[in-house]
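Colleague: Here are the chains, one letter per residue:
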Amino acid sequence: MGRRSAPEVNAGSMADIAFLLLIFFLVTTTIETDSGINRKLPPMEEIIDPPIIKERNIFTVVVNKNNQILVEEKLMNIRDIRKEAVAFLDNGGGLGEEACDYCQGSRDRSSSDNPDKAIISLKNDRETDYKVYISVQNELVAAYNELRNREFSRLYPSENVTYVEADKKYTDPRTDKKVKENLKEKLSVIKTLYPMKLSEAEPNKTG
Amino acid sequence: MSKFRKKNSGETPKISTASLPDIVFMLLFFFMVATVLRDNTLMIQNTLPAADQIQKLDKKDRVIYIYAGKPSARYQDKYGNQPRIQLNDKFATVSDVGAYVLAERASKREELQNVLTTALKVDGETKMGLISDIKQELRKVNALKINYTTRIGDYTQNQ
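Protein sequences, first through last, are from chains A and B.
Take 0 as the starting number for the first sequence in numbering that gives the first Met the number 0 and just add one per residue.
Take 0 as the starting number for the second sequence in numbering that gives the first Met the number 0 and just add one per residue.
Quick caveat, the hints were computed from the structure, so don't treat them as lab data.
There is no bait here: all hints are sound.
Computed far set for chain A versus chain B, every beta-carbon distance over 10 Å:
no.: 1; residue: K82
no.: 2; residue: P156
no.: 3; residue: V160
no.: 4; residue: L182
no.: 5; residue: V188
Straight-line C-alpha distance at most 25 Å; calculated DSS-like pairs for lysine-lysine:
no.: 6; chain 1: B; residue 1: K55; chain 2: A; residue 2: K196
no.: 7; chain 1: A; residue 1: K82; chain 2: A; residue 2: K64
no.: 8; chain 1: A; residue 1: K122; chain 2: B; residue 2: K144
no.: 9; chain 1: B; residue 1: K144; chain 2: A; residue 2: K179
no.: 10; chain 1: B; residue 1: K144; chain 2: A; residue 2: K167
no.: 11; chain 1: A; residue 1: K179; chain 2: B; residue 2: K59
no.: 12; chain 1: A; residue 1: K122; chain 2: B; residue 2: K126
no.: 13; chain 1: A; residue 1: K116; chain 2: B; residue 2: K144
Every residue, glycine too, gets a C-beta built ideally from N, C-alpha and C.
Can you make the complete structure from the sequences, with help from the hints?
Modeller: Listed below in structure tokens is the structure:
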């Protein structure tokens, strides 16, 4: 009988497949970028005449050297901070000119007047652990983001994204210029509704 | 006798290796693209804390990096186990931070010099005292935009 050897598999198209895969990975992989919490430090010059701020408009958060968190002088667990901060910022207890018509808080007279007046003061000790400090920072930023998300979807339901997503899209260099223009205005409106006023006191010397 | 019977020669047919170079090149290209080149060799432990309310640090040429943490095991004999600052490839003291930031800023293109961000890559176990000192130094040289670089994760991972 005819003794044929097994036909060899044609390898000519292998290179094409390899290039196809190569191009696929080239397009889909993104080089890992760092991410973190952005902050702005206050400039060095001394403020000669510090403005007078009412006690009820300040929300003090202290992290002591044993990594305990004190909110308004009461010991608090970290998981409650976000809720408390939202309640404080969104209180809107002001009257007359200082009233806040978009706040949904309890309008308690002994808490903040409006989000523009409300200041969160964060103070830490020199012995505080960095990771605890970051956790607290994270929760406070989360409180602002929660409120901003709420207002963004209330004012611009047609955008169909949250504030955080819109902000991410705005800072992404690949976003179209026209889209950016459109977002910039909306984002700044939300930012004036809930401006981030997070002040950091210089830390205690351990004593 | 069937016409379609397979021949039963003892040897198995050879597999063509013509495509091997392609596969190797493909892998090479893939890793070339996907790897991040770390320009600093870390001499410290650097477990970043986790956070989820984060923003991306996009453009690498606009970032100045400052590392801090405990020296890693093989440097501990020499430098002790107290957290230290690392700038480029060397350990540094707090007073070096200002000069370093100014030097880095001067080495960037002129149009970028006003939009630089300082990324603080600090180990989670570090005490805030060191970080406050770094922040004071940054304020002195007017490098006010900072970024606390973190891992992506929930705050509960920081316990």
